[in-house]
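**Student:** Below, each chain spelled out in residue letters.
Number of protein chains: 2
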Amino acid sequence: MNSIQNFSALVDHLKANEKKLRIAVVCGSDESTLTAVERALSEGFAEVIFSGHTERIQQRESLAQYADLITYVVPTGETDADAAKDAVQLVRNGEADILMKGLVNTDVLLRAVLNKEEGLLPRGKVLTHVTLAQLPQLDHLLFFTDVAVMPYPTQEQRAAQIEYTTNLCHAMGIECPKISLIHCSEKVSDKFPHTVGYAELKERAAAGEWGKVIVDGPLDVRTSLDAETLHTKGIVSPLEGKADVLVFPDIEAGNAFYKTITLLCGGDVAGMLCGTVCPVVLPSRGDSASDKFYSLAFAAIGCGV
Amino acid sequence: MNSIQNFSALVDHLKANEKKLRIAVVCGSDESTLTAVERALSEGFAEVIFSGHTERIQQRESLAQYADLITYVVPTGETDADAAKDAVQLVRNGEADILMKGLVNTDVLLRAVLNKEEGLLPRGKVLTHVTLAQLPQLDHLLFFTDVAVMPYPTQEQRAAQIEYTTNLCHAMGIECPKISLIHCSEKVSDKFPHTVGYAELKERAAAGEWGKVIVDGPLDVRTSLDAETLHTKGIVSPLEGKADVLVFPDIEAGNAFYKTITLLCGGDVAGMLCGTVCPVVLPSRGDSASDKFYSLAFAAIGCGV
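First to last, the sequence lines map onto chains Y and E.
Its first residue numbered 82, the first sequence is counted upward by one per residue in our numbering.
Its first residue numbered 82, the second sequence is counted upward by one per residue in our numbering.
Be careful, since some hints might not be right.
[Stated by the list, open to error] Straight-line distance between alpha carbons at most 30 angstroms, and here's what the computed DSS-like set of lysine-lysine pairs gives:
id, chain 1, residue 1, chain 2, residue 2
1, E, K101, E, K293
2, E, K206, Y, K268
3, E, K206, Y, K272
4, E, K293, E, K314
5, E, K272, E, K206
6, E, K268, Y, K206
7, E, K323, Y, K272
8, Y, K323, Y, K293
9, Y, K268, Y, K293
10, Y, K259, Y, K206
11, E, K259, E, K96
12, Y, K323, Y, K283
13, Y, K272, E, K197
14, E, K268, Y, K283
15, E, K314, Y, K272
16, E, K272, E, K96
17, Y, K197, E, K101
18, E, K268, E, K293
19, Y, K314, Y, K268
20, E, K206, E, K314
21, E, K293, E, K283
22, E, K197, Y, K206
23, Y, K268, E, K100
24, E, K197, E, K96
25, Y, K268, E, K272
26, E, K272, Y, K197
27, E, K197, E, K272
28, Y, K283, Y, K259
29, E, K100, E, K206
30, Y, K293, Y, K206
31, E, K268, E, K100
32, Y, K100, Y, K206
33, Y, K101, Y, K293
34, E, K272, E, K259
35, E, K283, E, K272
36, Y, K259, Y, K314
37, E, K293, E, K323
38, Y, K101, Y, K206
39, E, K100, Y, K272
Hints were generated in silico from the structure; no laboratory data involved.
Taking the hints into account, I'd like the entire structure generated from these sequences.
**Tutor:** Put into structure tokens, the structure is as follows:
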């Protein structure tokens with residue numbers, strides 16, 4: 082398979098696939114969620130199960146044409162928390178492939194997802210958020226982590242971020258992904274213990290722990306993404322300024338990058354939680370309908386399509 | 082005075098001023114430093130003292146027309162460290178107003194600047210880096226700190242960042258600067274102790290500690306700079322999405338922002354160290370000649386012009 086280099090090719094890839102993924106949507110009554118879901122239905126790669134806010138959703142006339150692909154589950158309780166719990170149960174029963182947040186508080190959804198007995202995160206698995214961005218300034222898609230859920234990754238959590246993003250790159254046809262471990266400089270320093278840890282992660286990658294992948298760092302955002310800057314600074318990196326993945330040192334750096342590219346760079350983004358038994362699409366308030374749609378497409382890749 | 086809203090207006094402001102600032106340049110033999118210095122000379126707001134690499138610099142024919150404005154100091158030693166030390170001494174003697182790094186290792190220059198007996202940082206003063214950016218996506222100049230020298234600011238270091246940037250904004254004619262304390266979310270959280278500290282900084286600002294200024298946070302990069310995002314998220318902030326200053330929680334976040342806007346947003350930037358007895362222009366390898374020139378213009382503002 083050729084590697085998928087933009088969101089349009091990603092959607093084409095999903096359309097070419099026969100498989101329809103079953104998306105469990107929690108309280109999906111808001112306009113942007115419904116628009117995103119409807120587009121996934123029309124592109125032909127989705128079935129949808131709405132949990133919660135079903136009366137409001139059923140009033141939307143444009144959904145009628147997809148009636149065969151839509152299920153409304155009878156809620157076991159009246160609150161949004163019940164709707165979240167029901168949707169999580171659908172995944173646990175093997176009746177849904179992707180979980181998506183609609184008009185419900187993130188905390189409420191995450192509580193259901195992270196419930197130790199009845200949630201979606203297997204014991205010992207690392208939960209982290211992965212974003213995929215299409216930027217007009219780059220000629221390929223860019224993965225990065227973590228902008229949303231993991232504050233200050235430990236070494237093992239960072240290893241999981243490498244593992245998850247490597248797998249996602251492979252699923253997108255990137256044979257040997259280039260992963261950059263981000264820092265404000267290219268020097269390893271005791272003042273920044275995570276940069277010391279980067280060396281060990283590079284060794285593990287080279288030893289084949291995550292399959293075919295090149296991991297390098299510390300590198301900054303520019304030396305990760307721009308060969309010219311790399312050469313000007315006289316730095317040699319096997320990534321050659323063409324990173325597919327940026328692993329940020331902490332959530333503050335990841336989030337600053339995320340908010341900057343969406344506000345100032347005209348970027349389109351998709352995002353999901355990894356580590357759970359199925360991809361969880363967890364948009365933030367203010368994400369556009371198209372961001373939410375691309376997140377569903379990205380989640381489909383997370384399902385192995 | 083009207084506030085200065087772009088780099089061109091900043092240069093006009095300096096040209097309108099009678100005063101020439103004396104710039105001590107350490108090992109300024111590289112092309113981009115010389116181009117920047119030459120432009121400062123031609124715009125009429127600078128005199129220059131070259132310390133180190135003087136033979137190489139004197140070969141540059143285009144400098145001849147500014148001979149009256151240029152001094153070459155006889156070095157007291159043969160190394161770049163000597164040149165740095167000599168330049169620092171010029172500032173200490175009151176013979177230079179701005180210190181600028183040329184083709185010399187940052188560590189070498191910083192060692193001279195931070196020397197306890199013969200350096201430029203008064204006891205108890207906080208050293209931090211402030212950047213000024215002109216972005217095509219914004220209709221005003223944007224200050225931010227710290228992308229370069231302070232890893233994880235303490236509360237008092239962050240207070241100094243607010244103080245320095247407030248003073249710089251006032252010097253640029255921004256009567257009541259809007260300062261945003263950045264975080265990945267708008268919620269104060271014990272998991273992120275700096276967000277708890279933000280409340281106290283807001284109180285101190287409101288009590289008038291730094292003069293006329295509005296400080297708010299935690300806010301993310303988008304809610305700091307975009308009123309629409311702020312409203313979509315239902316957040317009320319006195320900054321109204323129009324921050325003049327972003328104070329980043331740590332160097333990783335600040336640096337990620339800096340590298341992203343310069344690589345992807347087509348931004349022009351200027352930067353200097355604050356807290357020292359005079360502004361120190363400390364470009365990184367790979368900064369363009371125009372970035373270095375704007376840094377000199379920014380440093381002139383730091384001198385109170």
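**Student:** Please go over all the hints and tell whether each is borne out by the structure.
**Tutor:** Now the hints, each set against the structure:
1. Under the criterion of a C-alpha separation no larger than 30 angstroms, the hint pairing K101(E) with K293(E) is consistent with the structure, at around 29 angstroms.
2. A threshold of 30 angstroms between alpha carbons decides the hint, and for K206(E) with K268(Y) the separation of about 27 angstroms falls inside it, so the pair holds.
3. Note on K206(E) and K272(Y): the hinted pairing holds, with a Cα-Cα distance of about 21 angstroms set against a maximum of 30 angstroms.
4. A hinted pair counts as satisfied when its Cα atoms are at most 30 angstroms apart, and K293(E) with K314(E) qualifies at roughly 28 angstroms.
5. The straight-line distance between the Cα atoms of K272(E) and K206(E) is roughly 29 angstroms, inside the 30 angstroms bound, and the hint therefore holds.
6. A threshold of 30 angstroms between alpha carbons decides the hint, and for K268(E) with K206(Y) the separation of about 27 angstroms falls inside it, so the pair holds.
7. Between K323(E) and K272(Y), the direct Cα distance comes to roughly 34 angstroms. Violation of the 30 angstroms bound is thereby established for this hinted pair.
8. Simply put, K323(Y) and K293(Y) have alpha-carbon atoms about 16 angstroms apart, close enough for the 30 angstroms limit, and the pair holds.
9. This hinted pair checks out: K268(Y) and K293(Y) have alpha carbons roughly 25 angstroms apart, not beyond 30 angstroms.
10. In summary, the hint linking K259(Y) to K206(Y) is supported, as the alpha carbons are separated by about 24 angstroms, within the 30 angstroms threshold.
11. The hinted pair formed by K259(E) and K96(E) meets the criterion: a straight-line CA distance of about 27 angstroms does not exceed 30 angstroms.
12. The suggested pairing of K323(Y) with K283(Y) holds, with an alpha-carbon distance near 17 angstroms, which does not exceed 30 angstroms.
13. At most 30 angstroms may separate the alpha-carbon atoms for a hinted pair to count; K272(Y) and K197(E) meet this at roughly 21 angstroms.
14. Of the pairs offered as hints, the one joining K268(E) and K283(Y) is violated, with about 35 angstroms between alpha carbons and a cut-off of 30 angstroms exceeded.
15. Restraint check for K314(E) and K272(Y): the C-alpha separation of about 36 angstroms exceeds 30 angstroms, so the hint is violated.
16. Distance restraint check for K272(E) and K96(E): the Cα-Cα separation of roughly 49 angstroms exceeds the 30 angstroms cut-off, and the hinted pair is therefore not satisfied.
17. Using a Cα cut-off of 30 angstroms, the hinted pair K197(Y) and K101(E) is violated, with the two alpha carbons roughly 68 angstroms apart.
18. For the suggested pair K268(E) and K293(E), the alpha carbons sit about 25 angstroms apart, so the restraint of at most 30 angstroms is met.
19. A threshold of 30 angstroms between alpha carbons decides the hint, and for K314(Y) with K268(Y) the separation of about 12 angstroms falls inside it, so the pair holds.
20. At roughly 39 angstroms between alpha-carbon atoms, K206(E) and K314(E) are farther apart than 30 angstroms, so this suggested pair is violated.
21. Taking the CA atoms of K293(E) and K283(E), the gap is about 13 angstroms. The hint holds against a cut of 30 angstroms.
22. For the hint linking K197(E) to K206(Y), the alpha-carbon distance of about 50 angstroms lies beyond 30 angstroms, and the restraint is violated.
23. Proximity of K268(Y) to K100(E) is assessed by CA-CA distance (about 40 angstroms); at most 30 angstroms being required, the pair is judged violated.
24. At roughly 36 angstroms between alpha-carbon atoms, K197(E) and K96(E) are farther apart than 30 angstroms, so this suggested pair is violated.
25. Simply put, K268(Y) and K272(E) have alpha-carbon atoms about 28 angstroms apart, close enough for the 30 angstroms limit, and the pair holds.
26. Straight-line distance between C-alpha atoms of K272(E) and K197(Y) comes to about 21 angstroms, which keeps the hinted pair within the 30 angstroms bound.
27. Restraint check for K197(E) and K272(E): not satisfied, since their Cα atoms lie roughly 36 angstroms apart, outside the 30 angstroms limit.
28. At most 30 angstroms may separate the alpha-carbon atoms for a hinted pair to count; K283(Y) and K259(Y) meet this at roughly 11 angstroms.
29. Only pairs whose Cα atoms come within 30 angstroms are accepted, and K100(E) paired with K206(E) is accepted, the gap being roughly 27 angstroms.
30. A hinted pair counts as satisfied when its Cα atoms are at most 30 angstroms apart, and K293(Y) with K206(Y) qualifies at roughly 22 angstroms.
31. The straight-line distance between the Cα atoms of K268(E) and K100(E) is roughly 47 angstroms, outside the 30 angstroms bound, and the hint therefore fails.
32. In summary, the hint linking K100(Y) to K206(Y) is supported, as the alpha carbons are separated by about 27 angstroms, within the 30 angstroms threshold.
33. This hinted pair checks out: K101(Y) and K293(Y) have alpha carbons roughly 29 angstroms apart, not beyond 30 angstroms.
34. Of the supplied pair hints, the one linking K272(E) and K259(E) holds, its CA atoms being roughly 26 angstroms apart against a limit of 30 angstroms.
35. For a cut-off of 30 angstroms, the pair hint linking K283(E) to K272(E) stands: about 19 angstroms separates their Cα positions.
36. A C-alpha spacing of about 20 angstroms is found between K259(Y) and K314(Y), which places the hinted pair at or below 30 angstroms, so the restraint holds.
37. Restraint check: the Cα-Cα separation between K293(E) and K323(E) comes to about 16 angstroms, which is no more than 30 angstroms; the hinted pair holds.
38. Pair hint K101(Y) plus K206(Y) holds up; C-alpha atoms about 27 angstroms apart against a cutoff of 30 angstroms.
39. This hinted pair does not check out: K100(E) and K272(Y) have alpha carbons roughly 42 angstroms apart, beyond 30 angstroms.
In this structure, the earlier hints numbered 7, 14, 15, 16, 17, 20, 22, 23, 24, 27, 31, 39 are contradicted, and the remaining ones agree with it.
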